[in-house]
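Got chain A sorted already, so can you dock chain B onto it with the hints?
Here are the chains, one letter per residue:
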Amino acid sequence: MSVAIEIRDISKQFRLYNEKHTSLKERVIHGGKMPFTPFWALKNVTVDINQGETFGILGRNGCGKSTLLKCVAGIIKPTSGEIRVRGSLAAMLELGAGFQPDLSGRDNIFLNGSLLGLSRSDIEKRFDDIVAFAELEEFIDNQVKFYSSGMYVRLGFAVAVNVEPDVLLVDEVLAVGDAAFQRKCLDHVKKFQREGRTIVVVSHGSDAIRQNCGRAMVMNHGQVITVDEPGEAIRVYMADLLGVGTLEGSESGGIEGNVLAIGTVQAEHGGSGSRPHMYAGESLTVTADVDSLAAVPDAMATVAIHDDRNELVFASDPDDPACQMEIPEGGGIVRFFFPEVPLLDGTYSVSVGVRSEKQTAIFDWKDQVTQFEVANPGRTTGRVRLPLDVSFRLRSSGHTGEVPAVSGVPFAPLAGWEESTA
Amino acid sequence: MSLSVDRPSGSEPEHVATIGGSTRFVPGQSHDRITVVNGKVELGRRLKDLWTNRDLLILLTRTELKVKYKNSVLGYVWSMLNPALVLGIYYVIFKVIAKTYQPHFAIWLFCGLLVWNLFNNAAMGSTTVVVGKAGIIKKVAFPRELLALSTVGVAMVLFAIQVVVLAVFLLIFQLVPDWQAMILLPLALVTLIIFTSAVSIFLSAANVYLRDTQHLTEVLLMAWFWGTPIVYPYGQVQSHLANWHLTWLYLANPIAPIAMSFQRAIYGQTSYIASQNNPTHKVTPLLPNVPLTQYAALLGIMFVVSIGLFLASLIVFGRLEGNFAEEL
Numbered sequence: 264m265s266v267a268i269e270i271r272d273i274s275k276q277f278r279l280y281n282e283k284h285t286s287l288k289e290r291v292i293h294g295g296k297m298p299f300t301p302f303w304a305l306k307n308v309t310v311d312i313n314q315g316e317t318f319g320i321l322g323r324n325g326c327g328k329s330t331l332l333k334c335v336a337g338i339i340k341p342t343s344g345e346i347r348v349r350g351s352l353a354a355m356l357e358l359g360a361g362f363q364p365d366l367s368g369r370d371n372i373f374l375n376g377s378l379l380g381l382s383r384s385d386i387e388k389r390f391d392d393i394v395a396f397a398e399l400e401e402f403i404d405n406q407v408k409f410y411s412s413g414m415y416v417r418l419g420f421a422v423a424v425n426v427e428p429d430v431l432l433v434d435e436v437l438a439v440g441d442a443a444f445q446r447k448c449l450d451h452v453k454k455f456q457r458e459g460r461t462i463v464v465v466s467h468g469s470d471a472i473r474q475n476c477g478r479a480m481v482m483n484h485g486q487v488i489t490v491d492e493p494g495e496a497i498r499v500y501m502a503d504l505l506g507v508g509t510l511e512g513s514e515s516g517g518i519e520g521n522v523l524a525i526g527t528v529q530a531e532h533g534g535s536g537s538r539p540h541m542y543a544g545e546s547l548t549v550t551a552d553v554d555s556l557a558a559v560p561d562a563m564a565t566v567a568i569h570d571d572r573n574e575l576v577f578a579s580d581p582d583d584p585a586c587q588m589e590i591p592e593g594g595g596i597v598r599f600f601f602p603e604v605p606l607l608d609g610t611y612s613v614s615v616g617v618r619s620e621k622q623t624a625i626f627d628w629k630d631q632v633t634q635f636e637v638a639n640p641g642r643t644t645g646r647v648r649l650p651l652d653v654s655f656r657l658r659s660s661g662h663t664g665e666v667p668a669v670s671g672v673p674f675a676p677l678a679g680w681e682e683s684t685a
Numbered sequence: 063m064s065l066s067v068d069r070p071s072g073s074e075p076e077h078v079a080t081i082g083g084s085t086r087f088v089p090g091q092s093h094d095r096i097t098v099v100n101g102k103v104e105l106g107r108r109l110k111d112l113w114t115n116r117d118l119l120i121l122l123t124r125t126e127l128k129v130k131y132k133n134s135v136l137g138y139v140w141s142m143l144n145p146a147l148v149l150g151i152y153y154v155i156f157k158v159i160a161k162t163y164q165p166h167f168a169i170w171l172f173c174g175l176l177v178w179n180l181f182n183n184a185a186m187g188s189t190t191v192v193v194g195k196a197g198i199i200k201k202v203a204f205p206r207e208l209l210a211l212s213t214v215g216v217a218m219v220l221f222a223i224q225v226v227v228l229a230v231f232l233l234i235f236q237l238v239p240d241w242q243a244m245i246l247l248p249l250a251l252v253t254l255i256i257f258t259s260a261v262s263i264f265l266s267a268a269n270v271y272l273r274d275t276q277h278l279t280e281v282l283l284m285a286w287f288w289g290t291p292i293v294y295p296y297g298q299v300q301s302h303l304a305n306w307h308l309t310w311l312y313l314a315n316p317i318a319p320i321a322m323s324f325q326r327a328i329y330g331q332t333s334y335i336a337s338q339n340n341p342t343h344k345v346t347p348l349l350p351n352v353p354l355t356q357y358a359a360l361l362g363i364m365f366v367v368s369i370g371l372f373l374a375s376l377i378v379f380g381r382l383e384g385n386f387a388e389e390l
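Chains A and B supply the protein sequences, listed in that same order. Under the working numbering, the residue at position 405 of the first sequence is numbered 668, and the numbers go up by one with no gaps. Under the working numbering, the residue at position 309 of the second sequence is numbered 371, and the numbers go up by one with no gaps.
In isolation and in its complexed conformation, chain A is listed as follows:
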């Protein structure tokens, strides 16, 4: 497999000035001296990103992931090292960057397209596609300053994706527009993947990485922690958070990150017999063995279920008082009980975590640590078995021939359940 982006030993130093003199007058007054503290935003980063893969970069704020992306895009110059990018490149660091408010949408498409590296004839060829994608046919000759923020961002995205680059860099900008437009953006990214283009996504949310990426890199303090398949990278990312003990921005000291650790996690279904799979609608018990070096008075247990496509199916409510518990020194067993699991066929994985109630610290997080399988005896298909109630009556008024099997309860998730599975 050929390499699309070769990042070789990239370092980037920023200078944090104690006091910045931005005019000649000030410089002369202070004798040209500007004391600064060197800060290495990137330190000896080396990684190869293969052609056609979707590569995620994970890390907390300030870990250098955006700096790295800007270096690859050529927006800032690395202090040392070299990056080689094969093929054309487009960076979506901010949608609609470089739009001129005084120009019409039409003019801005040409300007933005040129900035992203398209020639005039290329833009003319793609112009109609861009306008259609942005859904701005009626407003294309209006000045951009009269656009709503949604229209602005849609136009920005439409130009960026229609550049059709070999390598696309994305910096968490996909969370834009209404639901329908987001869907469209995601479809476009999927299309890019199918076409064998290389995509680099920077994020601090693990779900986007898990769903879209083939490999992911975890960064911390400007250095590469690991490059691995997304599940493992996310585990390391969580462990990295754990190792530090507190999340970004929190000031609550005192709690050591490794004060608490989750041991074995088991998932057991409540069905009869020793069959490995459970049936839809049966109960599920997840138990997690927790070791604790000290008493944790404000522990908050969380559980999440992902399906085999890595889509999040369920995550517990962090504010649910039932999840709050006091874990004594020595630990114990945390038990999550689902009275019924209305999932249909598939293999689901369970993640378990224990965090501080105030969410300032994650004590431990076991990502997709165990699995359970659901088999569906009926012929229902899909993901979830929704309670269903079907009835028939004639249009003529007065006579109601059929009465729903269960009635009187406006919302009854369990109503009619037994009948349909039998």
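Be aware that one or more of the hints could be misleading.
[As the list claims (entries may be wrong)] Computed footprint of chain A on chain B, listed as stretches where at least three residues anywhere in the stretch have a Cβ under 8 Å from a Cβ of chain A:
hint, segment
1, 122-131
2, 200-212
3, 219-233
4, 266-279
[Unchecked claim] Some, not all, of what chain B presents toward chain A, calculated at C-beta under 7 Å:
hint, residue
5, 116
6, 117
7, 118
8, 119
9, 370
These are calculated hints, taken from the structure and not from any lab test. The structure presented is a predicted model; accordingly, all values stated were derived computationally and were not measured. The beta carbon of each residue, even a glycine, is placed where N, CA and C say it ideally should be.
Structure of chain B alone, referenced to chain A:
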């Protein structure tokens, strides 16, 4: 910063195969095109990038014009108001108050101001252009010198309009230019554009780091203006300069020989003699009465110097550009 981007321009890009009228992506065909990002400043690559992005330069210039003059005839007429006012003021001061006897003094002024306006507009515009476009610079990668060059482009468009106005003036005053000396103009104009570009590129980068550059530039340009033979003829300072052995310094200003070439070609006279209003009846020198080859030689030197300055400005810009995204 070195960033080389080979962009297909004009023709069909290699990596796109056209199938049935729609473009389809064919991966793996464009991978001989490699973009390298590192800390070095490579002059050859920068020049190549400027050339491959000429479409963008034209577009940036047009954008600037559209934003400034709203792309309307009235807008451009408006843009002529300032130079017209300057011309009017100097005309009144020198013709009415200082009582110069020079014939067609307005044309003389116009020749010099034409040159000066191009230089002045571009230099003043360039100081703020990079700072003003911080949003693009932080988020999009492209050769940033183009921003400075776009102010030169705008100045060139205004120059072209002024040339038309000057031509109308010549027709009205029935003044015939020195057609033979006109051959100086292409070299003079090219030298002017290259020199102006060099100064603009340098100023645009300097103002990012020293934000008072724009105010200093304003003051310096005023001194520079009076150190250039525009409102007064070179003939009047020639002897003083010779006495102080400062002729070389005065002519080291590239704008001076360029302005003099324009005056020589368009105004067409190197001196004027007594008119009925001139009581002294003596010959007043305007320009050195030397063969055109002498003018051309001086321009030639300035041309070479300007090319050198242009390349130097690209290197300086390249060094400063690396931290633009942080400084803005």
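Results for each hint:
1. Check result for the segment 122-131 of chain B against chain A: holds, 4 residues qualifying (beta carbon to beta carbon below 8 Å, three or more required).
2. Coverage of a stretch by a chain is defined here by at least three residues with a beta carbon nearer than 8 Å to that chain's beta carbons; for the segment 200-212 of chain B and chain A the count is 5, and the condition holds.
3. With 0 residues having a Cβ less than 8 Å from any Cβ of chain A, the segment 219-233 of chain B misses the three-residue criterion, and the hint is violated.
4. For the segment 266-279 of chain B, the stated coverage by chain A is satisfied: 6 residues place a CB nearer than 8 Å to a CB of that chain, which reaches the threshold of 3.
5. Taken as an interface hint, residue 116 of chain B does not check out: its beta carbon lies about 10 Å from the nearest beta carbon of chain A, beyond 7 Å.
6. For residue 117 of chain B, the interface hint holds, the least distance from its beta-carbon to any beta-carbon of chain A being 5 Å, beneath 7 Å.
7. For residue 118 of chain B, the suggested interface contact is upheld, since its CB lies about 4 Å from the closest CB of chain A, less than 7 Å.
8. For residue 119 of chain B, the interface hint is violated, the least distance from its beta-carbon to any beta-carbon of chain A being 9 Å, above 7 Å.
9. The interface hint given for residue 370 of chain B is broken, as the beta carbon of that residue sits about 25 Å from the closest beta carbon of chain A, more than 7 Å.
In the structure shown, a violation is registered for the earlier hints numbered 3, 5, 8 and 9, in ascending order.
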